[in-house]
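Participant: These protein sequences, in sequence, are chains A and B.
The opening residue of the first sequence carries number 0 in numbering that gives the first Met the number 0; numbering runs sequentially from there.
The opening residue of the second sequence carries number 0 in numbering that gives the first Met the number 0; numbering runs sequentially from there.
These are computed hints drawn from the structure, not numbers from a lab.
Glycine included, each C-beta is placed from N, C-alpha and C at the ideal position.
Be a bit skeptical, because a hint or two may be false.
[As the list claims (entries may be wrong)] Coverage of chain A stretches by chain B, computed from C-beta distances (three or more under 8 angstroms per stretch; other residues unrestricted):
1) 144-151
2) 286-294
3) 324-332
4) 358-364
[To be verified] Label pairs and their computed distance ranges (CB to CB):
5) Y417(A) - D274(B): 25 to 31 angstroms
6) A84(B) - L88(A): 54 to 60 angstroms
7) G274(A) - D304(B): 30 to 36 angstroms
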Amino acid sequence: MKIVNIFLLIPFIIFSHADDMYLIKGGMTFLPNGEFVKKDLLIDEGQIVLVEDEIGDVGAENIINAEGKYVTPGLVVFSTLGLLEIGSLPQTNDASSNIYNAGFDPSKSFNPFSQAIRLNRSKGVSSTILVPQASGYFSGLFSYTKINSGLKQEKKGPLALLTSFGESYSDSRSAELNFVLDLFNLIRNRPSEKWLYETDNIQFFFGSQNDYKFTSRDLQAIELVLNKSIPLVVRVKKATDIITILEMADTEKIDLVLWGANEAHMVADRIAESGVRVVLDPLDNIPDSFDSLNSTYENAIRLDAAGVEMAFYYAQGAGSHNAYLATQSAGNAVAMGLDYRKALKAITLNPAKFFGLENIGLIAPGFDADIVVWDNDPLELMSNVEAVLIGGEMQDLSNRQDELTDRYIKEKDKPNSYRSRE
Amino acid sequence: MLGRFFSVLTIFLLISCSEISMGSGNNGSNSSASKFEDSIHGTYASTYVPLQSENIIIKNSTLFDGNGNKFENYDIHFSDGDIKAIGSDLKDENAIVIDGTGKFVTPGIIDNHSHMGVYPAPGVSTSSDGNEATNPVTAEVWAEHSVWTQDPQYKLALAGGITTFHVLPGSANLFGGRGVTLKNVSANTVPDMKFPGAPHSLKMACGENPKRVYRSRGPSTRMGNVAGYRTAWIGAEKFRNSLEKNPDLRDLRNETLVGVLDGKILVHNHCYRADEMATMINISDEFGYKVSTFHHGVEAYKIADLLADEGICAALWADWWGFKHEAYDMSIANIAIVDQARGGKGCAIVHSDDASGIQRLNQEAAKALAAGRKAGFDISEGRAMTWITKNPAKSLGILEQTGTLEEGKDADIVIWSGNPFSIYSKAEQVYIDGALAFDKASNFMPHTDFDLGVKEWEDK
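Chain B with its partners taken away, still in its complex shape:
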């Protein structure tokens, strides 16, 4: 029944280093910056090809559509990689019918903050590739150029229903570099994993981390951090002006920053404290860019209205706190308060930042939902499901393709053994673009090359 093996031939075009300026200074070269504007990510664009998709109707399940709704006894039909319909009594005589009675169906779960691949398992120094901690501004580096395709952690996340994840550089730097959104599929090249059409992101970081890492050379204070961001943006503005005269100018660092100023690259900003998030909004106003999402935001609840007014998402943990001073003012209702701001206009996201937490984002959402209800909010399970589906898709700029169960969208789907807000429920099947990627009953999942030979014992 299942295509277990990749039979897709893809050619990864290796580009010679001479074509690309590796430094960060202005460097006129033959290659054109427009290469990166023609299609998303230029020669590094996605070469992802889905596995063999199925034609399936899952009947009579309880279905969370990711748009805030929970439907009982509902059907979903997908084929050719896309969702064809959701509703009652769906029929297609060519479709395989799966009895969903007693099961729950959700969109594929999306984690918009992961370091899988750049901090793979085993966690050894030779593959610790997440922080280019050599300069506070490294907007020129791309996380996708660190990702190890054989990280054995991907399949563990897949068993938790994760179909899409966003890999970010670490938070040592003011500007950590570009992030990349990946489909949770096994491949030998990063472009083969890249989510087609997903915009690049830029990781920025506030607070303790940059000022600690660079304390001897600066920035060593939060005001030093802010001066560092502003100085870099001023440099980016100058570069953009130079581009008008000479469109062939290459400068990796400033290409990323100008991409943000032009609205093509989404800012994902690690920032814990409310006052610092507000400052980052001031900076974005000064230079005319938009923050897509604040990450970690342990104090987001203190400025929930501001975030809602600005249309900024907050990607948060359900309950992490206390590991740093800027993570001390935790409220377990943080996610709920952000969600409910301005009468429900907030964009709250449950993120993991953690190869363990990514395996149970549904449970993290359950804790946040319970805390919100305890704090007095009337929040439905359907609404809480948006925190790990629709909202992260929105924050990553891929909501048109995935994140909800709607006709025409990618058939990224999870079948759960029971209510995903219960600790006893497990993902039973995961479909990515309509192709079966994980099946608990038959122990089907991708195994990386690293898994071979070292596994004395296989997960059931």
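For reference, chain A alone in the conformation it holds in the complex:
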């Protein structure tokens, strides 16, 4: 048994294995009821086994002293982490597709060695829901992956299908809605249109535009929504459009999640009645289009007051590369008046729960041991991450950004040629 100070963990990382037992002692722990309470956690075989006031000597290989620290579930972020290295270089972008739309699942492109993943892991992110960005009418399929170091990550998917509704250069939203309904009917009446499925990967055009091009793979993805295997996520801003989509989902018997939803606060009661979940960035307060003239910092607060469940993403600045700043979105929601417990759950439990992922995002027995130890309040921007466990495995928190920092502080006076690579 090793008793290690949290600051001395680094040397042990390379010897850590997923089946090691970890005992995290005495940290202020974010419990499922939303309270921070001083607890000991026992972790074995990648899962949280015990959460108790005091856990004695159970033969854990590693003991982490978290006295005076904050212990939370790992952040679950919405991102293109591992799919996109440099925004302006399309060859480093695997988050988008022109070949497929609804059937596009980017998860096979996931690169666990992306520098963006290393940075986000060091900032408390333990897993991500990958957001597809295909260019057609549908953007593709969401999936889930942990972002532990190494080649092997636990992945799940497809989780949901993404589409958008609202202002468009090319057509009326009425026409676009009818198009989707016609498409749904076509797929539902599959027996009479069986040829669509039998002619594998033959492009099927509704008109001449690329946006309306569907292969059999795309149609099969939409069918997953129609048979309620997965939810449909609709990116929508305008209040009236949100009502249209709520009604469509009700009629079509579709499990719906709203995304973005700048003006959702104006129809908060309608959303709450329908039990629809909303994924948004509380910081989106700019009336950046004619669909979002009523954008406000109050969005999350009013949705919460109406009883709507929310998950948060960070859509400001450099976006996905800094997906860990979901803490900044959540913290500002608290500053605007949202209950702290709900804000923290909106970036840990809810992203997983909304997409049908079980046992992720809480500190409770049976949950994945995705855990972060912070030196202070995790929503404060000046707090630091001290340890991250993903799937019960202690993570290397080094990242290229810190390596560059060290190079220009510690080795500043060396000629370039003599600077180290670490």
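Following the hints, complete the assembly by docking chain B onto the known chain A.
Facilitator: Just chain B now, with coordinates in the frame of chain A:
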């Protein structure tokens, strides 16, 4: 208590186009170039008049003076638009006393890189006016001639404590045009918003953007970019020589460039990579001008000593990266390393370049401060406050008027609900020239004409 309405009559003198050469070639005309030297910006000069100023003492707050200091239980007194004193136990029987117990007071926050007004909300093509992307050299355009005074984004920035912001043209061009410094007040004309006495700036841009935008006609490489800057400066030198013989010569493009060579216009240079910033310094040496500030500078930390030695500020993001190749080598300690160069001689600035980020520059500074401490620097909160107050004021040439809480300066002041380095703190009141511009408790803020009629829901 509050003058909510503008009661100031100002006359905006419309000038006929015939008086101004609209092209960029030499064009002798009746109007004199000296018009632009008599007072700042000639006929386009500021017509800003402050709102009704208050006589107020804020007592017993924690006060960041913007000069690097943090004072506990301190008072500040302002009246007639100016700061009268900061200190303990300030008294003026005519002053309204605000209890600042538990509150924090800072100078008005200054963003020296904004595109509000030239890229207003809603972001539609009909008001996308930030890049005159028709020629790699457009030193002749002025951002103030694109600014839309009804942009609903100003008040969002005001709620984040922004009292002054610098609007720049975009970065498509080698020379993007002149920038303008504005007071964050609502007005129907741009001169009514212009910061009195603030010098003009010139936006220049390095790297990927110009060579991408002009790849088919050139420049299409970084060396092409550099040749483009140098060619333009050579042209400016020729124009300056011609002016000696004929002072009435007009040439909009070269008037801007000569303004830089004469030290009257400040260069604000969009530049990410360390090697390119060094090259831009070489160019400034070749032609005898000074770079005021490098903007974005994701690699500024690699040449922090050079920037400190040259007296060049670096306006940086706390953590943006990865959206372009030249933004790949991010260090979250970038701002701190620049600040601490040569024993603290660096001039580091937290900028936004973003209508969302400008609303929370205090939080961006908090992240940069935390990163600096984590990297091992001993940096105080007071010092970090200079990154969003004093240093941007210096970079814009307005430090004599604003940027710190000192006797005689503009009473541009923010009262925060708590420590501005905490995510939970909000600006509660913002004063511009001693006049209340924003009050969270009473939901007082300017609403633009655009806000009328479309707001089904008002921000609390």
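Participant: Next step is simple, just say for each hint if it's right about the structure.
Facilitator: Outcome of the hint check:
1. Under a criterion of three residues with beta carbons nearer than 8 angstroms to beta carbons of chain B, the stated coverage of the region 144-151 of chain A fails, only 0 such residues being counted.
2. With a threshold of 8 angstroms between beta carbons, the proposed coverage of the region 286-294 of chain A by chain B holds, since 7 of its residues qualify and at least three are required.
3. Residues of the region 324-332 of chain A with a Cβ under 8 angstroms from some Cβ of chain B number 4, which satisfies the need for three, so the listed coverage holds.
4. Counting residues of the region 358-364 of chain A whose CB falls under 8 angstroms from any CB of chain B gives 0; the rule of at least 3 is not met.
5. Look at Y417(A) against D274(B): about 19 angstroms separates their beta carbons, and that is not inside 25 to 31 angstroms.
6. Roughly 55 angstroms separates the CB atoms of A84(B) and L88(A), a value that falls within the hinted 54 to 60 angstroms.
7. Separated by about 59 angstroms at the C-beta atoms, G274(A) and D304(B) break the suggested range of 30 to 36 angstroms.
This entry does not satisfy hints 1, 4, 5 and 7, going by the numbered hints stated previously.
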